[in-house]
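Student: Work out the full structure, taking the sequences as your base and the hints as a guide.
Number of protein chains: 2
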Amino acid sequence: MSLDRLIEGIARTNNPTVAGLDPKLEYIPDCILKPYIDQYGRTLEAAAEAIFTYNQGLIDALCDIVPAVKPQCAYYEMYGWQGVRALERTIRYAQEKGMFVITDGKRNDIGSTMDAYAAAHLGVTDVAGNGIEAFGGDALTVNGYLGSDGIDPVIKVCRQRDKGMFVLVKTSNPSSEELQDQAINEEPVYLMMGRQCEKWGEQLPGKYGYTGVGAVVGATWPQQLSELRYELPHTFFLVPGYGAQGGSAESVAGAFDKRGLGAIVNSSRAILCAWKKEGCPGEDYAQAARREALRMRDAIAAVIPVITLE
Amino acid sequence: MSLDRLIEGIARTNNPTVAGLDPKLEYIPDCILKPYIDQYGRTLEAAAEAIFTYNQGLIDALCDIVPAVKPQCAYYEMYGWQGVRALERTIRYAQEKGMFVITDGKRNDIGSTMDAYAAAHLGVTDVAGNGIEAFGGDALTVNGYLGSDGIDPVIKVCRQRDKGMFVLVKTSNPSSEELQDQAINEEPVYLMMGRQCEKWGEQLPGKYGYTGVGAVVGATWPQQLSELRYELPHTFFLVPGYGAQGGSAESVAGAFDKRGLGAIVNSSRAILCAWKKEGCPGEDYAQAARREALRMRDAIAAVIPVITLE
Chain P
21 MSLDRLIEGI ARTNNPTVAG LDPKLEYIPD CILKPYIDQY GRTLEAAAEA
71 IFTYNQGLID ALCDIVPAVK PQCAYYEMYG WQGVRALERT IRYAQEKGMF
121 VITDGKRNDI GSTMDAYAAA HLGVTDVAGN GIEAFGGDAL TVNGYLGSDG
171 IDPVIKVCRQ RDKGMFVLVK TSNPSSEELQ DQAINEEPVY LMMGRQCEKW
221 GEQLPGKYGY TGVGAVVGAT WPQQLSELRY ELPHTFFLVP GYGAQGGSAE
271 SVAGAFDKRG LGAIVNSSRA ILCAWKKEGC PGEDYAQAAR REALRMRDAI
321 AAVIPVITLE
Chain A
21 MSLDRLIEGI ARTNNPTVAG LDPKLEYIPD CILKPYIDQY GRTLEAAAEA
71 IFTYNQGLID ALCDIVPAVK PQCAYYEMYG WQGVRALERT IRYAQEKGMF
121 VITDGKRNDI GSTMDAYAAA HLGVTDVAGN GIEAFGGDAL TVNGYLGSDG
171 IDPVIKVCRQ RDKGMFVLVK TSNPSSEELQ DQAINEEPVY LMMGRQCEKW
221 GEQLPGKYGY TGVGAVVGAT WPQQLSELRY ELPHTFFLVP GYGAQGGSAE
271 SVAGAFDKRG LGAIVNSSRA ILCAWKKEGC PGEDYAQAAR REALRMRDAI
321 AAVIPVITLE
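Which chain is which? The protein sequence lines are P and A, in order. Here the working numbering is used: the first residue of the first sequence is 21, the next is one more, and so on. Here the working numbering is used: the first residue of the second sequence is 21, the next is one more, and so on.
Among these hints, one or two may not hold up.
[What the hints assert, rightly or not] Keeping only pairs whose Cα atoms sit at most 20 Å apart, straight-line, the calculated EDC-like set for lysine to aspartate or glutamate is: (1) P:Lys-278 - P:Asp-318; (2) A:Lys-54 - P:Asp-146; (3) P:Lys-44 - A:Asp-146; (4) A:Lys-44 - P:Asp-318; (5) A:Lys-219 - P:Glu-197; (6) A:Lys-278 - A:Asp-50.
[Unchecked claim] Non-contacting residues of chain A with respect to chain P, defined by C-beta distances greater than 10 Å in every case (computed): (7) Pro-49; (8) Pro-55; (9) Trp-101; (10) Thr-145; (11) Leu-188; (12) Glu-218; (13) Pro-253; (14) Gly-299; (15) Ala-321.
I should point out that these hints are in silico values taken from the structure, not numbers from a laboratory. The structure presented is a predicted model; accordingly, all values stated were derived computationally and were not measured. For glycine and all other residues, C-beta sits at the position ideal for the given N, C-alpha and C.
Tutor: In structure tokens, the structure reads:
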């Protein structure tokens with residue numbers, strides 16, 4: 021009922037990073053894409069098959085050194101139900117390889133509708149008495165604009181099924197300031213939302229001091245990462261914005277506690293496109309991704325305390 | 021590049037309401053569900069086929085009297101990619117029958133990820149130079165917590181493809197007060213978000229005075245509906261929370277302008293479950309839905325000005 025499995029994966033691999041699986045077609049080498057286009061034409065089926073094959077290669081190359089993957093729903097939805105099927109297959113394949121899956125859907129709604137999202141992504145769907153996992157991720161990102169009515173249904177499923185969630189607190193993008201930095205009762209909205217995470221998390225306590233209700237805080241805001249690490253001692257952070265968006269190892273260091281825990285840093289483009297950046301053939305994309313993931317692991321290890329569960 | 025097509029549909033049917041297609045299996049009559057269970061077993065396939073058949077019946081019964089449908093993504097995602105396929109089929113079927121489709125996904129993200137959501141739900145996905153509509157809705161609900169970085173990509177697609185959007189402003193649920201009612205610079209968050217809609221909407225002007233950037237405002241907040249109608253003269257409202265959540269015709273009257281325009285009111289459960297409430301056989305579910313839709317149309321007509329585009 022928490023993020024303990026994620027934290028144990030981080031300790032096992034000695035690596036507080038997650039690989040974002042945002043499979044734009046332009047990232048996928050021709051050696052993977054072209055055979056499917058030849059077989060299915062320029063269709064959503066071809067794209068979806070290429071995406072799954074590409075993801076399989078990445079997962080195989082990363083699963084012993086990276087504890088988690090974060091598929092971004094948007095890049096699957098854009099390929100229709102065929103793409104959504106590739107998302108489902110990707111989630112299951114990553115879990116078979118022992119990885120923790122954070123489904124990045126930023127879902128939000130209320131009451132029985134939020135029950136439906138929680139069932140879809142973390143829980144079980146009932147069909148005439150038969151319980152079926154629809155997508156089966158391990159944690160889901162959610163948006164808290166609607167308040168507790170949108171969070172409680174997810175907490176319920178997390179408690180029943182040992183899952184976790186990450187609430188948007190301070191997002192990595194420049195215009196996050198429009199609402200998130202505004203002051204309510206002399207505190208910024210992001211801090212108010214963060215305090216809500218602490219409160220919601222009381223219902224999902226974890227073994228290592230962090231609850232099942234994490235927070236999304238961007239790598240582009242080093243000062244806020246440090247501030248929030250201090251203010252929210254039981255809230256685990258998912259940190260996007262490393263690499264392409266400008267976040268560095270130094271800028272995320274403040275997100276971690278004295279045990280080297282407290283955060284997991286996402287990288288998508290740098291890992292997915294490492295083969296292009298290295299100038300190596302498309303056939304080597306997975307090994308290039310592995311080399312980049314190791315560089316990222318080492319860069320972060322250099323600026324945070326040694327990771328320990330004690 | 022606006023919500024003009026929706027407004028014209030409202031004027032044509034003389035009906036400012038939208039039928040929410042939230043197809044929980046418990047709403048679906050046995051005469052529809054059971055044959056699919058017999059054929060496919062208690063599977064997601066069976067559920068998805070039943071949902072699509074159920075929706076077809078509703079759309080056939082409503083398309084001449086109701087201008088729009090609002091499928092709620094959560095109730096399709098919970099049935100996996102098979103359910104998402106039923107969503108896609110439902111959207112196309114409703115459009116074939118001349119209905120405007122508001123895809124209720126409350127999607128949100130930034131930059132190229134939001135581009136992907138916009139392409140998925142309103143735009144076109146490129147596969148090796150071939151442009152394909154993945155879901156093809158007419159408008160999408162979105163969550164503005166991330167600021168303009170999450171809205172601009174949708175505006176771009178709306179402009180290119182004559183589509184619209186609705187941003188969450190003041191949601192119908194009780195805990196919307198936790199963030200949305202808090203004061204920033206002496207104005208509540210919902211009003212600040214509403215003013216952003218007016219600003220974003222300047223890029224998508226419409227023929228009838230309303231832009232392509234609408235706002236979601238709950239039927240449960242009559243005072244705020246009137247306040248926002250006054251403060252946001254160019255922003256069209258999508259009003260959930262009528263019926264089951266407690267909103268009445270009287271409580272939504274303030275959302276409309278002097279031409280009977282300015283808002284569309286959603287009803288899901290009351291329409292979908294009319295056959296149960298009326299105590300009629302499942303076979304008559306679609307006609308029961310039609311009767312309920314007519315009652316709702318007449319109840320709202322009684323409290324708003326006569327609808328005119330002039």
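Student: Each hint should be assessed against the structure and marked as holding or not.
Tutor: Hint by hint, here is what the structure shows:
1. P:Lys-278 - P:Asp-318: Status holds; Cα separation ~18 Å.
2. A:Lys-54 - P:Asp-146: holds (15 Å)
3. P:Lys-44 - A:Asp-146: holds (10 Å)
4. A:Lys-44 - P:Asp-318: violated (48 Å)
5. A:Lys-219 - P:Glu-197: holds (16 Å)
6. A:Lys-278 - A:Asp-50: violated (45 Å)
7. Pro-49: holds (14 Å)
8. Pro-55: Non-interface label on A:Pro-55 holds, nearest chain P Cβ at 12 Å vs cutoff 10 Å.
9. Trp-101: violated (4 Å)
10. Thr-145: violated (5 Å)
11. Leu-188: violated (6 Å)
12. Glu-218: holds (14 Å)
13. Pro-253: Given a closest Cβ separation of 22 Å, the condition holds.
14. Gly-299: A:Gly-299 is indeed farther than 10 Å from all Cβ atoms of chain P, at 23 Å.
15. Ala-321: Non-interface label stands for A:Ala-321: nearest chain P Cβ at 28 Å, farther than 10 Å.
Comparing the model with each earlier hint shows violations of hints 4, 6, 9, 10 and 11; every other hint is respected.
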